[in-house]
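Trainee: Here is how the chains run, residue by residue.
There are 2 protein chains.
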Amino acid sequence: MNGARALLETLVGHGVDTCFMNPGTSEMHFVAALDDVAKMRSVLCLFEGVATGAADGFARMSSRPAAVLLHLGPGLGNGLANLHNARRARSPVVAIVGDHATVHWKYDAQLQSDIETVARNVSAFVRTSHATEALGADAAAAIAAAEGPPGSVATLILPADVSWSEGASPAPRPPVAPTPPATDDAQLDAAAAALRGGSPCGVLVGGRACSGKTLELAAAIAAATGAKLFAETFPARLERGAGRPPVERLGYLAEFTAMQLEGTAHLLLVDAKSPVSFFAYPGRPSDLVPEGCQVHTVAGPDDDVDTALVALAELVGASPVHTPRQQAGTPGMPSGALDAAAVAAVLGALLPEGAIVSDEGNTSGLFVAGATAGSPPHDWLCLTGGAIGQGLPVALGAAVACPDRRVVALEADGSSLYTPQAWWSMARAGCDVTTVLLNNGSYAVLNMELDRVGAEPPGPRAKDMLDLGRPDLDFVSLARGMGVPAERATTVEELTTALARSFATPGPSVVEVLVPSIL
Amino acid sequence: MNGARALLETLVGHGVDTCFMNPGTSEMHFVAALDDVAKMRSVLCLFEGVATGAADGFARMSSRPAAVLLHLGPGLGNGLANLHNARRARSPVVAIVGDHATVHWKYDAQLQSDIETVARNVSAFVRTSHATEALGADAAAAIAAAEGPPGSVATLILPADVSWSEGASPAPRPPVAPTPPATDDAQLDAAAAALRGGSPCGVLVGGRACSGKTLELAAAIAAATGAKLFAETFPARLERGAGRPPVERLGYLAEFTAMQLEGTAHLLLVDAKSPVSFFAYPGRPSDLVPEGCQVHTVAGPDDDVDTALVALAELVGASPVHTPRQQAGTPGMPSGALDAAAVAAVLGALLPEGAIVSDEGNTSGLFVAGATAGSPPHDWLCLTGGAIGQGLPVALGAAVACPDRRVVALEADGSSLYTPQAWWSMARAGCDVTTVLLNNGSYAVLNMELDRVGAEPPGPRAKDMLDLGRPDLDFVSLARGMGVPAERATTVEELTTALARSFATPGPSVVEVLVPSIL
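Residue numbers (our numbering), protein chains in the order written: chain A, 9 to 527; chain B, 9 to 527.
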């Protein structure tokens with residue numbers, strides 16, 4: 009069999025059964041082989057950043073890698089921003105980048121460039137497959153590297169002749185990785201001593217500790233010992249809602265985080281990084297750990313977080329019975345004109361059970377997390393790497409991973425315009441995604457940041473660079489152009505009707521909401 | 009003064025007076041300084057690939073660099089594909105990539121990544137500015153590197169604290185680069201001997217030899233000696249039309265180029281690469297120079313091409329009087345239903361004098377170059393690096409560089425969807441750009457390539473990955489969503505009316521044309 013087919017069979021043999029793609033000529037054998045490997049689902053994307061973000065969303069909801077198929081260095085470049093977000097989410101992604109045939113390299117044809125160099129920016133594993141016979145094994149190594157732990161972006165560069173030549177065979181799954189190292193007893197003892205010591209403690213969860221039994225046990229430990237429970241600012245996936253542990257996320261603004269952590273004497277990290285400021289600001293610290301606070305690592309990204317938490321729970325006498333549970337309840341429904349708070353209240357009231365919220369609502373979406381805290385159980389997916397343009401692609405990937413759940417893409421005007429092509433793929437793939445497009449007509453966060461970084465008061469030319477008007481963007485028209493039904497809501501009643509209709513209708517739809525900036 | 013202001017003053021002091029930007033928090037001081045440096049024109053782009061492609065288009069038409077302002081590694085990633093095209097066009101571009109403050113690096117905050125690594129993929133010059141006092145000089149070095157020769161992408165990485173700190177000063181223009189090396193007399197003698205020797209010769213122009221007096225002299229040399237004149241497949245800028253030298257471009261398909269060059273005994277390269285196949289194909293050669301043909305380099309990218317051509321003309325007795333001139337004349341106007349040939353004929357008949365055509369029409373645009381050969385004089389800008397998504401941004405940049413000329417973006421459905429955000433910037437900047445959007449509902453070129461690379465006959469799942477239907481894309485709606493007037497033409501008469509209206513109306517507009525695939 010040829011390389012392409014062996015690659016596809018290796019992928020599906022290892023459980024990688026979904027590929028988000030934007031192929032070109034050098035990937036045509038891969039595309040042709042799709043008809044031979046029925047277990048592989050392929051989702052066409054019109055822009056590479058959609059494919060890479062979708063793979064991230066898929067991995068966050070399924071805990072297994074998807075593949076993406078990209079076209080040489082420029083295709084990888086277009087997909088890089090959302091691979092950056094995937095790297096920060098520790099999402100497993102197998103990025104397959106087609107290249108010119110090896111015999112063609114020396115001619116430096118138009119599309120040639122140094123692909124490996126670009127890939128290193130985001131990848132824990134980079135390999136160019138140099139021989140058809142080795143392609144199956146190269147793919148198996150990439151998949152294993154992607155799976156981790158920790159989950160990573162693994163990039164396999166696939167020259168066209170390695171793909172088209174005969175002599176390949178699928179590679180078997182390599183032996184299971186060795187058990188992670190045992191817990192660090194000294195660390196756990198110190199953490200337990202801190203929790204039992206009477207000083208104010210914080211438990212900061214991130215990564216895998218933001219969902220399932222892991223989150224419940226971390227919450228139980230905090231509750232049993234009187235510690236505060238925090239989540240990192242932008243978790244890849246946070247399980248929340250009625251009946252689940254309530255968790256306070258650290259704020260995006262350093263000043264806010266400082267208030268949250270004030271007085272904390274011990275901060276326990278559970279698959280989370282020690283908190284740092286998102287950006288640096290003149291004269292302010294980047295490290296957000298309060299003066300004198302001691303930081304303890306309960307489990308890092310390479311550790312077995314569940315084993316560590318079980319051991320810690322035993323040391324402090326915590327058990328699942330201590331797990332606090334969020335009460336059901338939503339804010340009252342407002343009426344009349346829409347603003348950011350009213351949109352949040354409507355979403356709090358209507359969010360369906362099992363919803364998956366892809367949150368790139370930025371400033372206008374600020375109140376939605378609060379308003380949905382007591383909504384039926386749902387998942388919350390955040391902008392892990394700060395590279396905007398993630399929200400719609402992650403929603404696409406989450407919907408492909410979870411076809412029986414409603415996905416809500418909480419999206420902002422500026423952010424949506426990096427990857428609006430995701431709408432078309434949602435329609436093509438029949439994804440149940442409701443986009444709530446919060447249109448305030450500006451890069452509002454930058455108006456705030458301009459002041460916070462201590463820049464001089466902005467003149468008209470600076471303000472012009474933060475303004476999304478002249479001409480106004482019309483997201484209803486944009487979405488319809490991508491083949492997705494769309495409508496505009498200007499009152500609470502219209503938004504309620506539009507959301508109810510969208511949640512009840514299979515497939516994607518977009519609801520544009522005009523809101524004044526909160527800043 | 010702070011670093012940002014010194015950087016802006018250095019840029020405008022060196023003639024870099026236009027910046028295409030998509031800034032974020034780390035670039036806020038640069039943005040704030042725009043009000044202090046009135047000579048800098050800033051053009052906001054909603055996606056980084058628009059900014060980088062626009063800088064390329066600007067450079068092609070003005071022969072001087074524009075700056076782009078991008079936000080950390082992900083912003084550079086989003087701009088990489090069109091920087092790749094700019095590199096292949098040898099366009100001078102000063103890419104300024106904002107970074108976290110140097111004091112923030114060690115915290116590995118969410119947006120942090122290795123920016124220099126990514127930049128090397130496209131840049132002849134990469135430098136991170138480490139001190140405010142050095143920023144002016146760093147910027148001057150970047151500008152000089154961008155200007156070349158040859159024109160290059162120069163990337164200056166700008167940490168936020170280097171930008172916001174005081175103590176900077178603008179750097180003066182460095183001394184002019186030394187004169188390029190003298191011509192290689194032995195090479196020129198050999199080229200002249202070949203031209204005079206009676207065997208079939210070809211003169212292949214590229215780069216700077218595709219416009220102005222340089223093109224005219226190359227054409228005169230070919231005409232005076234009976235050599236055939238060819239241009240490279242995808243010139244950055246080709247001057248053509250009535251009264252200018254007619255030039256045959258080498259074909260995209262290797263088979264076609266082979267026919268064009270068949271029997272050529274000597275091929276003279278004038279700022280052009282020796283021809284190679286765009287992609288490799290199983291069992292076919294990548295090198296397109298005919299067997300036994302001798303290749304002579306008259307001038308390479310680092311050479312003074314005009315001096316070389318003057319010397320060669322003297323050796324072979326050619327003078328400007330020999331320059332052939334294209335006769336004026338356009339195909340007759342068809343009527344009724346539209347197909348690719350009819351669209352080409354209409355454009356041939358209506359193309360305004362001084363038009364600038366940004367050609368990313370791909371398969372559906374194939375006949376337009378032929379139909380406009382005798383149209384009034386115009387410029388033709390090609391997809392130099394093969395990374396689709398260039399056409400609309402290059403049109404934007406060309407229009408900013410040449411506000412008194414009509415730009416025609418000849419665009420295909422698939423290609424346009426990598427960078428449709430360019431339409432909004434055209435409207436914001438008041439650019440006279442007419443987009444002719446050729447919608448055939450598929451990645452048509454891939455249907456052809458799938459067969460040419462020798463893949464198995466495609467099944468339904470493979471074909472699905474090349475099809476842009478389900479749902480159909482509506483480019484009128486998309487363009488209107490970006491704030492640009494748009495209409496759809498289904499007959500020759502409608503297209504004629506729509507183009508006439510667009511050419512007569514200031515600002516951008518989009519005409520969508522539904523055409524059957526030519527394949």
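Read the hints as simulated data drawn from the structure, not as lab findings.
Take the hints with a grain of salt, since some may be wrong.
Intra- or inter-copy, both count: the list cannot distinguish identical chains.
Result set (EDC-like, lysine to aspartate or glutamate): computed pairs, CA atoms no more than 16 Å apart in a straight line [said to hold, decoys possible]:
no.: 1; residue 1: LYS471; residue 2: ASP43
no.: 2; residue 1: LYS114; residue 2: ASP295
no.: 3; residue 1: LYS471; residue 2: ASP44
no.: 4; residue 1: LYS221; residue 2: GLU247
no.: 5; residue 1: LYS221; residue 2: ASP312
Trainee: If a hint holds in the structure, say so; if it doesn't, say that too.
Mentor: Against the structure, the hints come out as follows:
1. Only between protomers do LYS471 and ASP43 lie at most 16 Å apart by alpha-carbon distance; the minimum there is 10 Å, versus 52 Å within a single protomer.
2. In the homo-oligomer, the alpha carbons of LYS114 and ASP295 lie at most 16 Å apart only across protomers (10 Å), although the nearest pairing inside one protomer, at 48 Å, exceeds that limit.
3. Proximity of LYS471 to ASP44 under the C-alpha cut-off of 16 Å is restricted to the inter-copy arrangement: shortest distance 13 Å between copies versus 55 Å within a copy.
4. For the identical chains of this complex, LYS221 and GLU247 are intra-copy neighbours only, at 10 Å inside a copy versus 68 Å across copies, given an alpha-carbon limit of 16 Å.
5. In this assembly of identical chains, LYS221 and ASP312 lie within 16 Å of each other by CA distance solely inside one copy; the values are 13 Å within and 70 Å between copies.
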